[in-house]
Structures are given as C-alpha cells and as structure tokens.
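Undergrad: Let's have the full structure, built from the sequences with the hints guiding it.
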Amino acid sequence: MKITFIASEANPFVKTGGLADVVYSLGEQYVLDKHEVNIIIPFYSKIKNSIFINLDYLGSFRMMLGWKEVEVKLCSGKYHGITYYFVENDTYFARGQIYGEGDDGERFAFFTMACIEVIKRYSIKSDIIHLHDWQVGMFPCVVKENNDQYFKKTKFVYTIHNPAFQGIYGIDFISSYYGISRECFDNGTIEMFGQVSTLKAGIMYCDKITTVSPTHREELLTREGSMNLDFALSIRRDDFVGILNGIDNQEFSPEHDKHLVATYNSSNFYDNKMLDKEALLSRFGLKNLGLPVFGLVSRLTWQKGIDLIYPLVRTLVHRGCVFIFLGSGEYGHEQGFEQLRREFPNNVGIYIGYNDDIAHLIYAGSDFFLMPSLFEPCGLSQMISEAYGTLPIVRLTGGLRDSVICYDGKNIDEANGFGFSENNSDELIKVCNWAFDNYWNLPIRKKLIKNAMETDNSWKKSADKYIEVYKSIKK
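Counting from 1, position 337 in the sequence shown corresponds to residue 323 in the working numbering; the numbering is continuous, with no gaps.
Just so you know, not all the hints are guaranteed correct.
Computed Cβ-Cβ distance ranges for the label pairs, DEER-style [unchecked claim]:
| id | residue 1 | residue 2 | range |
| --- | --- | --- | --- |
| 1 | Lys(-12) | Gly271 | 49 to 57 Å |
| 2 | Asp394 | Ser167 | 52 to 60 Å |
| 3 | Asp450 | Gly63 | 22 to 30 Å |
Within a straight-line C-alpha distance of at most 30 Å, the following computed DSS-like cross-link-like pairs (lysine-lysine) qualify [to be verified]:
| id | residue 1 | residue 2 |
| --- | --- | --- |
| 4 | Lys432 | Lys416 |
| 5 | Lys446 | Lys432 |
| 6 | Lys64 | Lys139 |
| 7 | Lys(-12) | Lys138 |
| 8 | Lys396 | Lys433 |
| 9 | Lys139 | Lys59 |
| 10 | Lys20 | Lys(-12) |
| 11 | Lys432 | Lys244 |
| 12 | Lys34 | Lys1 |
| 13 | Lys106 | Lys(-12) |
| 14 | Lys244 | Lys54 |
| 15 | Lys1 | Lys59 |
| 16 | Lys(-12) | Lys436 |
| 17 | Lys20 | Lys447 |
| 18 | Lys436 | Lys64 |
| 19 | Lys457 | Lys416 |
| 20 | Lys59 | Lys32 |
| 21 | Lys451 | Lys1 |
| 22 | Lys451 | Lys20 |
| 23 | Lys451 | Lys130 |
| 24 | Lys130 | Lys(-12) |
| 25 | Lys20 | Lys457 |
| 26 | Lys111 | Lys446 |
| 27 | Lys396 | Lys457 |
| 28 | Lys244 | Lys34 |
| 29 | Lys64 | Lys244 |
| 30 | Lys139 | Lys457 |
| 31 | Lys1 | Lys106 |
| 32 | Lys111 | Lys1 |
| 33 | Lys64 | Lys106 |
| 34 | Lys34 | Lys130 |
| 35 | Lys139 | Lys447 |
| 36 | Lys59 | Lys106 |
Everything labelled a hint here was simulated from the structure, so no lab data went into it. Bear in mind that the values here come from a model prediction, so they are computed numbers and not experimental data. For every residue, glycine included, the Cβ atom is placed at its ideal position computed from N, Cα and C.
TA: Right under this line is the structure:
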C-alpha cells in the first residue's frame, strides 16, 4: 500500500508534541510492514539549521494563493525507509517558532495548497493520504470541491490529535486562500458558529476519521467532552474510529536505556530499578529512606490536572512519601512547585524545564508516576512509565482509561497501575494512599510491576488497526 502523511510536524525533524511521534512512528512501522511511505511537512528554519540527512533539491514553482502568487520550493530525503518531502517558503516558515504566529491560518493554508500541487507535479502516488489536525484539514475539501481528477482514486483519512485547536477563521478565509466557493460554508459543511473550521472540514470531507484512543472517541461524541464537535462527529459516527497510540519500544526500553545507571527487564527489574531510584534521589539531593517515590514528567498546565498535586503533596509527605517533578509551562505552576520544594526540602525535588536524562531517570527510578489529567486524548507518559515498571496513577479519561488497568485488590493478574475518576484532589489523595499501602506488600508490588512492563503498547499493534481502517474504505 502507498501511504502519504501530511502534517505540520514529524519526528525526527521537528516536534512540539505527540503529533510528531505518531506521524513518524506509524510511518516507520508501515515501512517494516512493507508499505511505501511518504511524509510531507513544512521546511521550517529549525529543520534547515539542524538537518542531518542528505537532501535532494527537486525544484520550485509558483502558484496562486488566493489573490497573490507565491513560490514553493521542494526538497526530499530518506530516513529509515521513509521518503520525507519538505515544502519550503521562507516567508511562512523561516520563523522562530512552529506555531503561535499571527498569520498561522495563512501559513498552513499555503502549506495545504502547496501539498496539493506538490503531489500532482511530482507524481507522488498514494492509495491513502492520511491528514493530521487542523493545519491540513482543508485538503480534501479543496480537492473534492474542485473535482480534482488527479485524486479520484485516492482515499483520505483524518486524525484528530488535539480537538481544542480547530482552525477557526472568518468567512473570507475560503476565498482568500483556498479559492473555492462559499457553498460548502453556506450549507454548513465547514461552518462552525458563523466561522470556518478547518478541523470540521477534515471531519466532513475525509473518508474515515480517527482519534488517538477509543475512550477519547466516545468523549468527542458527547456534548460535554466534544469541544463543540459532537454534531459533526455524530454525522460521521460510522466512519469515526478510536485507535490508541503506541510508544517507541527502542527509545523507551529500560533494558537498553543509556540514560540509566542500571538497565533491567521484566525478569530482573527489582535490584537494578532500586539502583536507578538511588541515582534519581541523589540527583535531587534527597536521601533514600526506602520510601515510595512519586514522579511526574509533564507540561505544567491546567489540562494536566496540576492543581490537584498541591494538596496531594501536603498530605502524603506526612506519610514519608517523596515527590520528584520535571516540567515547565504556566508560570503559576512553576512557582507553585518551587513553593512545595521550599516547604518540604527533604521530600520534594523539582526541575523546571526539560532534561532527557532526568526524564528517563524519573521513569525508571520512581515507584509511581502521576498523571491526574483533566483530559488526555491519548497520553504517552503512562505507557512509558509502564515500560519502565513505574506504576501509573491516572485519572480515568481518554487514553489513560484505555491503557491502565487499575488495581482493585482482586485483579492482580492483569492490573498495571492505579486510577481515579472524579476531577478532585480528594480522589487523587485516596488512590495515592491506596498505592502507598500496596507499596509495602512486596509480592503484590512486584507482580504489578511485571504486569506493567509486559503491557503491549507497541506501534505494531496501533499500525495494524490503522491498516484495517484503510482497507475498510469502500473502493
């Protein structure tokens, strides 16, 4: 099968979040499964300045973007069997950041329209074009509204990674950049509250829609959890699938991780995991008294449930628990964590920012991993912590519900973590106390760790389900 991904970011060249992981990891797995894979992304200056593969300059052309003529340059290179195409225009992509510019709508309209032309001009044949998030949601709308015969045999799949970003712009956006009539807006197909939504366009025009976990699919079909997408998604319900993301088992392998003091697997984890715990505590100047360590690696934002952490720490330090946090984000939470360290210097270690060495050590050296997210479409950290035998403690939302089997005192043969449902600190404290109690029962703790480490969170599992979606599209 010939598969082309179109996205605003992809590993290993540019990453701001999980989107980049999904695009690359799925592509890499498809190559292993003998599919032909292309990935098309913008040629940001960040990529140019750090490119590490040989690129071929394929040429340039000019095209109309609404009322103005713009230049498109194209480079290409191979990485791990994937053919990457880099769409270049310095006016749009030679910026200091990937997103957050005042003209993001125009920038990604350019990218979308350039991708249509690139595929046709350079004969990039595809059975499936797999589009990702709002930035490229207008692609199938433009193709189908213009009855573009080049794509008549091509099928489109659209993945919603973050429904909070919906590509909302004024009505003039259609004619200014996409050159199509207003009919698809006037009939409600891409209209949302009087404006254009490129995310909705992807939902309405693609052959199949996916999101990043089965539970998140169900949440998006409800009024409360849909972020106003429930009506559009309910129309496409039969074509809407939830597929849980995976993790890179090579990058996140406690048996081969060079960041660790001691490596281990599911058969010999106990002693070596304790050595990593010792190293983690030493890194933060904390003593190892044999007490449970609760770790966190996260963006410090409201979405991640950080507000629930403060009362948890102030309650459980009195039982001797240790907390080690790594992350950055909202200033108030960065300062809040600093305050916790000042209050409890013997029980709290923090690192504001990101450090890969420390992150891996937290995954390996902690006993429990905190993810009290308000919402989490998929989440990867809970899967990483499972791989390292650090038992996740999660709020049961989105992909967290799908990837963690909570220990209830009876399901010891399958449980791999702990969980709570209600978004409040009392529930989090309650489940952490339950985890603390079980910490002291070594046979139970060892069995839960082994279960966690043997959980299959591979991309192979996810890729097979995506291929089933591709094949299900009627010819």
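Undergrad: With reference to the structure, classify each hint as holding or not holding.
TA: Hints, one by one, checked against the model:
Taken as a hint, the range 49 to 57 Å holds for the pair Lys(-12) and Gly271, whose Cβ atoms sit roughly 54 Å apart. Between Asp394 and Ser167 the CB atoms are about 57 Å apart, so this pair conforms to the stated range of 52 to 60 Å. For Asp450 and Gly63, the Cβ-Cβ distance of about 28 Å falls inside the hinted range of 22 to 30 Å, so the restraint holds. Note on Lys432 and Lys416: the hinted pairing holds, with a Cα-Cα distance of about 22 Å set against a maximum of 30 Å.
Distance hint between Lys446 and Lys432 is fulfilled; the C-alpha atoms sit about 27 Å from each other, no more than 30 Å. Taking the CA atoms of Lys64 and Lys139, the gap is near 26 Å; set against the 30 Å cutoff, the hint holds. Using a Cα cut-off of 30 Å, the hinted pair Lys(-12) and Lys138 holds, with the two alpha carbons roughly 15 Å apart. Between the alpha carbons of Lys396 and Lys433 the distance comes to roughly 13 Å, so the proposed pair stays at or under 30 Å and holds.
Straight-line distance between C-alpha atoms of Lys139 and Lys59 comes to about 27 Å, which keeps the hinted pair within the 30 Å bound. Taking the CA atoms of Lys20 and Lys(-12), the gap is near 10 Å; set against the 30 Å cutoff, the hint holds. At most 30 Å may separate the alpha-carbon atoms for a hinted pair to count; Lys432 and Lys244 meet this at roughly 24 Å. Distance restraint check for Lys34 and Lys1: the Cα-Cα separation of roughly 14 Å lies within the 30 Å cut-off, and the hinted pair is therefore satisfied.
Distance hint between Lys106 and Lys(-12) is fulfilled; the C-alpha atoms sit about 15 Å from each other, no more than 30 Å. For the suggested pair Lys244 and Lys54, the alpha carbons sit about 51 Å apart, so the restraint of at most 30 Å is broken. Between the alpha carbons of Lys1 and Lys59 the distance comes to roughly 22 Å, so the proposed pair stays at or under 30 Å and holds. At roughly 39 Å between alpha-carbon atoms, Lys(-12) and Lys436 are farther apart than 30 Å, so this suggested pair is violated.
About 16 Å separates the Cα atoms of Lys20 and Lys447, which keeps this hinted pair within 30 Å; it holds. Straight-line distance between C-alpha atoms of Lys436 and Lys64 comes to about 38 Å, which puts the hinted pair past the 30 Å bound. For the proposed pair Lys457 and Lys416, the alpha carbon gap of about 45 Å is over 30 Å, so the pair is violated. Of the pairs offered as hints, the one joining Lys59 and Lys32 holds, with about 16 Å between alpha carbons and a cut-off of 30 Å not exceeded.
The hinted pair formed by Lys451 and Lys1 meets the criterion: a straight-line CA distance of about 24 Å does not exceed 30 Å. Restraint check for Lys451 and Lys20: the C-alpha separation of about 16 Å stays at or below 30 Å, so the hint holds. Between Lys451 and Lys130, the direct Cα distance comes to roughly 26 Å. Compliance with the 30 Å bound is thereby established for this hinted pair. For a cut-off of 30 Å, the pair hint linking Lys130 to Lys(-12) stands: about 20 Å separates their Cα positions.
Of the supplied pair hints, the one linking Lys20 and Lys457 holds, its CA atoms being roughly 15 Å apart against a limit of 30 Å. A C-alpha spacing of about 24 Å is found between Lys111 and Lys446, which places the hinted pair at or below 30 Å, so the restraint holds. Restraint check: the Cα-Cα separation between Lys396 and Lys457 comes to about 40 Å, which exceeds 30 Å; the hinted pair is violated. Restraint check for Lys244 and Lys34: satisfied, since their Cα atoms lie roughly 28 Å apart, inside the 30 Å limit.
For the given pair, Lys64 sits about 26 Å from Lys244 by alpha-carbon distance, which is consistent with the 30 Å threshold. At most 30 Å may separate the alpha-carbon atoms for a hinted pair to count; Lys139 and Lys457 meet this at roughly 14 Å. Restraint check for Lys1 and Lys106: satisfied, since their Cα atoms lie roughly 27 Å apart, inside the 30 Å limit. Of the pairs offered as hints, the one joining Lys111 and Lys1 holds, with about 26 Å between alpha carbons and a cut-off of 30 Å not exceeded.
At most 30 Å may separate the alpha-carbon atoms for a hinted pair to count; Lys64 and Lys106 meet this at roughly 20 Å. Between Lys34 and Lys130 the alpha-carbon distance is near 33 Å, which puts this suggested pair outside the 30 Å criterion. Distance restraint check for Lys139 and Lys447: the Cα-Cα separation of roughly 27 Å lies within the 30 Å cut-off, and the hinted pair is therefore satisfied. Our distance criterion of 30 Å between C-alpha atoms is met by Lys59 and Lys106, whose separation comes to about 14 Å.
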